[in-house]
Amino acid sequence: MNDAGKSTRNRAGAPAPTGEGLDARLVVERGAFRLDVALTAAPGDVVALLGPNGAGKTTALRALAGLVPLTDGHLRLDGAELDRTPPESRPVGVVFQDYLLFPHLSALDNVAFGPRCHGATKAEARAQAAAWLERMGLTDHAGAKPRRLSGGQAQRVALARALATHPRLLLLDEPLAALDARTRLDVRAQLRHHLAEFEAVAVLVTHDPLDAMVLADRLVVVENGRAVQEGTPSDIARRPRTDYIAHLVGLNLYRGRAEGHTVHVDGGASITTSEDLTGPVFVAFPPGAVTLHRDRPTGSSARNLWRCEVTGLETHGDQIRTALTGDLPLAADLTTVAAAELGLRPGATVWATVKAAQTHAYPA
Amino acid sequence: MTSPPPGRTDPRTGSRAGLRTGSRTGLRARGDRRHRVRGGAPLPLLLPALVALAFLVLPLVALLVRAPWRSMPDLLTSAEVWQALRLSLVCATAATAVSLVLGVPLAWLLARVEFPGRGLVRALVTLPLVLPPVVGGVALLMALGRNGVVGQWLDSWFGITLPFTMTGVVIAETFVAMPFLVISVEGTLRAADRRYEEAATTLGASRFTAFRRVTLPLIAPGIAAGAVLAWARALGEFGATITFAGNFPGRTQTMPLAVYLALQNDPETAIALGLVLLAVSIAVLAGLRDRWMTAS
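These protein sequence lines map, in sequence, to chains U and D.
Just so you know, the UniProt record's numbering puts 205 at position 205 of the first sequence, and the rest follows in order with no gaps.
Just so you know, the UniProt record's numbering puts 60 at position 60 of the second sequence, and the rest follows in order with no gaps.
Hints are computed from structural coordinates only; laboratory data are not their basis.
All C-beta atoms, glycine included, are put in the ideal place defined by N, C-alpha and C.
Mixed in with the good hints, there may be bad ones.
[As the list claims (entries may be wrong)] If you anchor each label on the Cβ, the simulated ranges turn out as follows: (1) A54/D / D140/U: 54 to 62 Å; (2) P103/U / E114/D: 20 to 28 Å; (3) A181/U / A54/D: 54 to 62 Å; (4) D140/U / P217/D: 19 to 27 Å; (5) R182/U / A54/D: 53 to 61 Å; (6) P86/U / P42/D: 55 to 63 Å; (7) N224/U / L127/D: 45 to 53 Å; (8) L120/D / P86/U: 24 to 32 Å; (9) G40/D / E309/U: 56 to 64 Å; (10) R84/U / G117/D: 25 to 33 Å; (11) G288/U / E114/D: 49 to 57 Å; (12) A54/D / R147/U: 38 to 46 Å.
[Unchecked claim] Straight-line distance between alpha carbons at most 20 Å, and here's what the computed EDC-like set of lysine to aspartate or glutamate pairs gives: (13) K145/U / E197/D; (14) K355/U / D327/U; (15) K355/U / D276/U; (16) K355/U / D333/U; (17) K355/U / E275/U; (18) K145/U / D193/D.
Build out the structure end to end from the sequences listed, making use of the hints.
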């Protein structure tokens, strides 16, 4: 990433005053489902639409590409209205989920397809395509048909094909979902590199928080067709506003009313926090901050103490993640040894403590 | 069940061998019964199936048995046979070409464009498939005949007469064969992944470019299979051809007409001509299987 790119990125969220970049409100109605998401991005921004399956992320992407019409709203790219422009006339490149490389064309001809449609001669288009493949480190595979390419190679060809038309908006639909875990790591790093070099707006759709956080400068969390939270990856990871995000980033999240250092959670329990707030707030703390005891602890300095019942156990890395109900539903992480010593099993009663300093409260 | 391995059976120890054989037979009987229940074909299905197979194969075998093999070279080198064969091949190919040029766009329209009455249009396209070809021939005469709805204008304005000409043969064959192609290509188009077309449009391709450069190559196997079906149907076309184009040797007498006519006074020639058509059919089938059926 060069310095110029970085300075553009720092303005993340606000489109440049010249009208450069993306400014959209995407409204698509389909039967009972309604998508209504506002998106703005400056050139150089990478925005991730993060959300569960069926949230409407892909519909938003298709609306940006012009593959589904907008029911309402607007779509401006670099100051130009695009809502009524057919997909072939939009300066938009798309990397589809399973890449959709044309199976009858070689990698080179797949990449040359776009330039050819934009008026380049066959020779020019092929020369451009060869340059793109070289940039992607795929010169050796230029003549290969898509079925001969590995998942990672196909992904790079798809990216080259989308970039070869010099789009002002690059769309990526679950760019890493089709890859196995090992390839994914490499491809994610490469994709991050290519996105950092890309000078226009990139919007990617993913249900994987790690992909979103590694690849994007800004996340828009979409649930049920609506943007429920927007911000930098670290902001969203620290201050989740929905259970979905809290679960994704591995936090216990509660909504309640704060009175000083005490937060009355909607369920009835209260949590003591280090922050001094009033009014509606969120409280979050990581499962690792929870300590479990078999008997009611007496000498504990922890300010928060709840009686809980174990509902489930699962391994989580080298830890055991315990799901608990009771005063407060929560997840707790503990070592395998600790879990064995406590005799944890579904139905067991335990006491959970959390230090106030390890909770994090922020206005809702 | 295999026979006992050599070396195990000793002819001198007859009683033991006999005992063994006996037990084996018992095993086999039980094994067979079990086999039939599990995976074999039950008799009520197997029997009709074999009858059907015999019914389909027997006439072809009979054709081969009764073929005048000795006089075959003379029969097949006669001018009439070659004339009829050439006419058949030319007309069937021309009909297939017309079907491709007009039928593929029609298939695309049916598969890709939503318009009111699409179901009706599809039914109309399918109609010639089930219509008796003779009726098709009569209908073509009513439309394109000298006094037909359109034919009278063709005649008086351009001096074009279609019935009882070679063009008439092509028209009759196209009428009967094109639906095969349309239905086949439409099915392939429906099964094809439309997202490839979407990918093409996001790369700047117009709808027609996307069709030409992406859809067409992707559905090529389906088009080829449809074309072969249409070609075979055109080659064998009899009813519509004889009704609309007549039966003039050298001009409109195709192979099927020649076969039928020859059967009246020269059965040996009919058999020889029939064998030629059979050979062509088998060649088509082989080509279809090797090139397209395994590929798709």
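message: Tell me if the beta carbons of A181/U and A54/D are separated by a distance inside 54 to 62 Å.
response: Roughly 58 Å apart at Cβ, these two residues keep to the hinted range, so it holds.
task: Could you tell me whether the CB distance from G288/U to E114/D stays inside 49 to 57 Å?
output: 56 Å, holds
field: Assessment of proposed distance window 45 to 53 Å (beta carbons of N224/U, L127/D)
entry: At 48 Å between Cβs, range holds.
task: Would you mind confirming whether the straight-line C-alpha gap from K355/U to D327/U stays at or under 20 Å?
output: Holds, at roughly 16 Å.
Hint consistency between K145/U and D193/D [alpha-carbon to alpha-carbon, up to 20 Å]: Measuring from Cα to Cα gives roughly 18 Å; hence the hint holds.
message: Verify the CB-CB distance for R84/U and G117/D against the hinted window 25 to 33 Å.
response: 28 Å, holds
message: Is 38 to 46 Å respected by the C-beta to C-beta distance linking A54/D and R147/U?
response: At roughly 43 Å between Cβ atoms, R147/U and A54/D fall inside 38 to 46 Å, so the hint holds.
message: Can you tell me whether the CB distance of L120/D to P86/U sits inside 24 to 32 Å?
response: 29 Å, holds
query: Can the suggested window of 54 to 62 Å be confirmed for the beta-carbon pair A54/D and D140/U?
result: 58 Å, holds
message: Checking one constraint from the list: CA of K355/U to CA of D276/U, max 20 Å. Satisfied?
response: 15 Å, holds
task: Given the range 55 to 63 Å, decide if the beta-carbon distance of P86/U to P42/D lies inside it.
output: 59 Å Cβ-Cβ, so the 55 to 63 Å window holds.
query: Do D140/U and P217/D keep their Cβ atoms within the hinted range of 19 to 27 Å?
result: 25 Å, holds
The structure agrees with every numbered hint stated previously.
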